[in-house]
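Start from the sequences and build out the full structure, keeping to the hints where you can.
Residue 147 in my numbering sits at position 147 of the sequence shown, with consecutive numbering throughout.
Note that these hints are calculated values from the structure, not bench results.
Note that the structure is predicted; figures quoted are calculated from it, not measured.
Yeah, the Cβ is synthetic: ideal placement off N, Cα and C, and Gly gets one too.
Hints are supplied without guarantee of correctness; some may be wrong.
What the hints assert, rightly or not - Each pair of labels, with its calculated beta carbon distance range:
#	residue 1	residue 2	range
1	Asn69	Asn230	31 to 39 Å
2	Val265	Asn109	18 to 26 Å
3	Lys217	Leu238	24 to 32 Å
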Amino acid sequence: MRIITREDFSDIYIKFHQRGLSFLLSKLNLNSFKRTQSAFNDQNLEGSSFWIVPEVRKRWNKLITGNENMLYEEYLTEKYFKGKEKIKILALGTGICSHEIRLAELNPNCEIACYDFSDDLLKKAKEIADEKQLTNISFHAENIMKYGFEERQYDVVFFHASLHHFDNIPEFLQQVVIQNLRPKGLLIINEFVGSSRLQYSKIQIKYINKAISIIPKEYRKIFKTNIYKNNYYGSGVLRMIIADPSECVDSQSIIPAIHEKFNVVEEKFYGNNILQSALKDISHHFVILDSTKREVLQQIFALEDELLENHPSDSVFGIYELK
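In C-alpha cells form, the structure reads like this:
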C-alpha cells in the first residue's frame, strides 16, 4: 500500500491549475460525504481524461459489442430490451445520466429511475430529458445508502462507473441491489473493477510508464499547465481518501462478490489498465489524430493487450442474473 507518492504532489499542482483553489479547499471539509460531492458537482468541468479520446471509445465498443461503431446502449437494446414488455430499471449513482437518457431514448418500453446525490447534475439531466421529451425516465436526488426503496420492484439494476464508489461491496449488493431486484432480475454494469484505491501492482505501473515513454514530448504537455508528463508513480491512499473517500474504495471486491450472488450472462473485460493512467491529463492531444498520434495510440493499445494476457482487466461490461 502506498500512503503518499510523488504522483500525489503532482496531482495537487495539476488540480489547482485545472479546477482552482476553491476546489482544493473543498477537500479540507471534515465531512467525507461533502468531499465526495465536490468531486462530482461541477457540470461544466473541462478535463483531459482518457475517455474523451475517440479511438479509445472505438476500442471499448469493439471489445464490448464486437463493432467499433456500436455503443453498448445499442447492444443492450438489440439483444436484451427490444420487443420486450415494460422493463423497470433502477440506475444508481447516475451523475448527469447520459447513458440512462440514451437507454430511455432507444427503449420507450423501459421505465428508468435515476438516483444520485448530486442535485446539480440531476437538474441538468432533467433539462436534457425534457428537451428530448422523454417521459420514461425520472430523477431522484437521494443518498442511496439511506433511501428507503420499495423492495423487489425492478427488472434491472444498472451501474455505469458508479458501483466502484460504494464500500463493502458484498453487503451493498445484498442490502441494496438484490433487495431491489425481482426474481431472475438482471444486474448490468460497466465498471472499474481493478485494485482498490488504485493501488496498482509494480508490473502495471511499469507498463504505464512504458506507454508514457512512447508518447512524443509535445503530446505530454499536461492540460492547463506548462509541465510535461514524464512518469507515473501510482496514487497514495491518503490523497485518495482526502480527494474522494468513495473512489475505488472496494473495487477489487466487485467481481468476486457478483459471482457469488449472480450467474454470468455476459462478461466482457476491456482493459484500461494502461490507458486510464498513461493518458490522464494529456488526452486532449489525441482527440484529433494525425498519422503519428494514431501510431502512438496503436502502440499503447498493443502494450495494454500484452499486459492483459497475464493480468486481470481493470474494466468490465457485465450482465448478470440473480441466482
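So, going through the hints one by one against the coordinates:
1. Asn69 with Asn230: 31 to 39 Å: 35 Å, holds
2. Val265 with Asn109: 18 to 26 Å: 19 Å, holds
3. Lys217 with Leu238: 24 to 32 Å: 31 Å, holds
Checked against the numbered hints listed earlier, the structure breaks none of them; every hint is satisfied.
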